[in-house]
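Participant: Sequence:
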Amino acid sequence: MKFVMLAVVMVATALTANAQKWNSNPDDSAECVVNTSLYSQAYKLKAYGDAYGPWRQVVDNCPRSSKNLYIRGVNILKARLIEANKAGNKERVDSTINELMALYDTRATYFPEDAVECLGKKAYEMSQIFPKNPAKFYPLYVEAIEKGGKELDATYVYNFFDATLAYVDKGLGDTTLIIDNYDIVSELLENELMELLTKDTTDRTEKQRVADSTKLANIRAYMAKTEAAFSPFASCEQLVKIYTKKFEADPTNVTLLKKITNIMRKKGCTNEELFFKATEALYALEPSPSTAYLMGQMCISKDKFSDAVKYLKDAVDGLEGQKERYLSYMLLGQAYGETGSLAAARSAYYEAAKVDGTKGDPYLRIAMLYAKSRPDDGMGGRSAYWAAVDKCVRAKSVDSSPETVELANKLIGSYSSAYPKQSDAFMLDLIDGQGYHVGGWIGESTTVRTRK
Numbered sequence: 001m002k003f004v005m006l007a008v009v010m011v012a013t014a015l016t017a018n019a020q021k022w023n024s025n026p027d028d029s030a031e032c033v034v035n036t037s038l039y040s041q042a043y044k045l046k047a048y049g050d051a052y053g054p055w056r057q058v059v060d061n062c063p064r065s066s067k068n069l070y071i072r073g074v075n076i077l078k079a080r081l082i083e084a085n086k087a088g089n090k091e092r093v094d095s096t097i098n099e100l101m102a103l104y105d106t107r108a109t110y111f112p113e114d115a116v117e118c119l120g121k122k123a124y125e126m127s128q129i130f131p132k133n134p135a136k137f138y139p140l141y142v143e144a145i146e147k148g149g150k151e152l153d154a155t156y157v158y159n160f161f162d163a164t165l166a167y168v169d170k171g172l173g174d175t176t177l178i179i180d181n182y183d184i185v186s187e188l189l190e191n192e193l194m195e196l197l198t199k200d201t202t203d204r205t206e207k208q209r210v211a212d213s214t215k216l217a218n219i220r221a222y223m224a225k226t227e228a229a230f231s232p233f234a235s236c237e238q239l240v241k242i243y244t245k246k247f248e249a250d251p252t253n254v255t256l257l258k259k260i261t262n263i264m265r266k267k268g269c270t271n272e273e274l275f276f277k278a279t280e281a282l283y284a285l286e287p288s289p290s291t292a293y294l295m296g297q298m299c300i301s302k303d304k305f306s307d308a309v310k311y312l313k314d315a316v317d318g319l320e321g322q323k324e325r326y327l328s329y330m331l332l333g334q335a336y337g338e339t340g341s342l343a344a345a346r347s348a349y350y351e352a353a354k355v356d357g358t359k360g361d362p363y364l365r366i367a368m369l370y371a372k373s374r375p376d377d378g379m380g381g382r383s384a385y386w387a388a389v390d391k392c393v394r395a396k397s398v399d400s401s402p403e404t405v406e407l408a409n410k411l412i413g414s415y416s417s418a419y420p421k422q423s424d425a426f427m428l429d430l431i432d433g434q435g436y437h438v439g440g441w442i443g444e445s446t447t448v449r450t451r452k
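Going by my numbering, the first residue of the sequence shown is number 1, and it counts up by one from there.
Among the clues, some could well be false.
Said to hold, decoys possible - Once the Cα atoms are required to be at most 30 Å apart in a straight line, the calculated DSSO-like pairs of lysine-lysine come out as: (1) 246 with 304; (2) 323 with 372; (3) 267 with 313; (4) 313 with 359; (5) 323 with 304; (6) 372 with 452.
Unchecked claim - Label pairs and their computed distance ranges (CB to CB): (7) 91 with 268: 51 to 61 Å; (8) 150 with 227: 12 to 22 Å; (9) 251 with 218: 39 to 49 Å; (10) 410 with 172: 48 to 58 Å; (11) 197 with 423: 44 to 54 Å; (12) 109 with 402: 43 to 53 Å; (13) 268 with 220: 12 to 22 Å.
Calculated from the structure, these hints are not laboratory results. Every residue, glycine too, gets a C-beta built ideally from N, C-alpha and C.
Kindly generate the complete structure, drawing on both the sequences and the hints.
Facilitator: If you want it as C-alpha cells, here you go:
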C-alpha cells in the first residue's frame with residue numbers, strides 16, 4: 001500500500017451519528033470512514049489498483065454511503081479489467097465482469113431511483129466489453145426494456161434496437177425479431193417525444209429548458225436512426241411474407257393481431273389483404289376505440305366511407321391519446337367528405353384542430369371542401385374561394401412547417417386565380433375589401449377579393 005493512513009481526528013464523536021448512513025455498527029462505520037478516505041485519495045491520483053481494496057471494503061460494508069461509490073467503482077473495475085486482459089488472466093477477467101454487473105445491481109438495491117438506469121448501463125457495459133458477441137449483451141437490453149419500459153432513457157431504447165440488429169446479423173434470431181422490436185422501440189421513442197413536447201415548462205429554469213431541448217434533439221435523432229436502420233426490413237412485401245404464416249397459424253392471438261396491424265399501419269401497408277384480415281379479426285375479438293380506428297382506416301382504404309364513418313365515430317368517442325384522436329378526427333372528416341356530408345366533415349376537422357392546435361392540415365382540408373362548393377352568389381359560386389383562402393392563411397398561422405406552408409401557398413395561388421372578375425363583382429355592387437357572407441352550408445363571413 002503506497003498511501004499511509006492519516007490520523008482520523010474527532011471521528012469517534014461522528015461515528016454514532018453517521019452509523020445509519022454508513023452501517024448499523026459504529027465500529028464498522030469507523031472502518032468505512034477510513035477506507036473511504038483511503039480509496040478516495042488513491043482514486044484522485046488515478047491509482048486504481050491501490051484504490052480497489054479499500055473501495056471494495058466500503059461497497060461490502062457501507063453500500064448506501066454514497067452514489068460516488070458506484071460511479072467511481074465502475075472506473076476502478078474497468079481499470080482492473082484492462083489489467084487482467086493484458087495479463088491474460090481469464091479467471092480475473094471473468095470475475096471482474098461479474099463484479100461490474102453485480103455493482104450495478106447493488107446500486108439499484110440501495111438507490112432504487114437509479115434502478116432503471118442501472119439496467120441500461122449493464123447492457124451498455126457488456127456491449128462495450130463484448131462488441132462482437134451480442135449473445136452477451138442482447139439479453140440484458142431485453143431485460144432493460146421489459147423492466148424499465150417507458151422510464152428507460154432514449155439512448156438505451158435505441159441501443160436495444162441496435163443490439164437486435166447485431167443479434168440477428170449473427171444468426172441468433174430471425175428477421176421477425178427486428179420487426180417486433182422495431183414496433184417496441186418506435187412506440188417508446190414516440191411516447192418519450194410526446195411527453196417531452198407536452199411538458200409544462202412554466203416553472204422550468206433556463207438550464208432545465210436547455211437540457212430538455214438537448215434531450216428532444218437526441219430523441220428525434222434516435223428516431224431517425226431507428227427508421228434508417230429498419231428501412232431494409234420494412235417493405236410491405238416482406239412484412240406480409242413474415243406475418244402471413246404467423247397469422248394463419250394463430251388467427252385469434254390478440255397480441256399478434258395488434259402487432260401486425262400496428263406495424264403495417266406505421267409502414268403504410270394498409271392496402272394489403274393481410275392488414276384487412278388482421279384488422280377484422282382484431283375488431284371481432286376486441287372491439288375497442290383503437291380497433292374501431294383501425295377498422296375505419298381499413299374501410300377508407302377500401303372506399304367504404306359510410307362504414308368508415310360508423311367506426312371512426314366510435315373511435316373518437318373513446319380514444320384518449322392526442323395523436324390517435326387527431327388522426328381519427330382527420331379520417332372521420334375525410335370519410336364524411338367522401339359521403340357528401342360536408343358540414344359534418346368540417347366539424348370533424350375543427351375537432352382535429354382542437355385536439356392538436358399546432359397542425360395546419362385541418363384548415364387546409366376545410367379549404368379544399370370550400371373550394372369544391374358552389375354557393376348561390378351570382379358569381380358562379382366563386383365566393384367560396386374567399387373562404388377557402390382564409391382557411392389556408394389560418395393554416396399557415398398555426399403551423400409554420402415547410403410542408404404546410406408549401407401546400408397552403410400552392411392552394412392560395414390556385415384559389416386566388418379563380419376569384420370572381422372585378423367586373424362581375426361590380427355588377428353586384430361588390431368591391432375589394434368589402435365584408436361578405438358566403439351562403440349555403442359554408443356560412444362564413446369573409447371579405448371580397450377580385451381579379452382583373
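Participant: Decide, hint by hint, whether the structure agrees.
Facilitator: Do the hints match the structure? See the list:
1. 246 with 304: Roughly 28 Å between the alpha carbons, so the hint for residue 246 and residue 304 holds.
2. 323 with 372: Within the cut-off at roughly 28 Å; holds.
3. 267 with 313: holds, 24 Å
4. 313 with 359: Satisfied, since the Cα-Cα distance of roughly 21 Å is no more than 30 Å.
5. 323 with 304: holds, 24 Å
6. 372 with 452: holds, 22 Å
7. 91 with 268: 51 to 61 Å: holds, 54 Å
8. 150 with 227: 12 to 22 Å: Given a distance of about 20 Å, which is inside 12 to 22 Å, the answer is holds.
9. 251 with 218: 39 to 49 Å: holds, 40 Å
10. 410 with 172: 48 to 58 Å: Holds, since residue 410 and residue 172 (Cβ atoms, about 50 Å apart) stay within the stated range.
11. 197 with 423: 44 to 54 Å: holds, 51 Å
12. 109 with 402: 43 to 53 Å: Holds, at about 50 Å.
13. 268 with 220: 12 to 22 Å: The hint (12 to 22 Å, Cβ to Cβ) holds, given that residue 268 and residue 220 are roughly 20 Å apart.
Going through the hint list in order, the structure satisfies each hint without exception.
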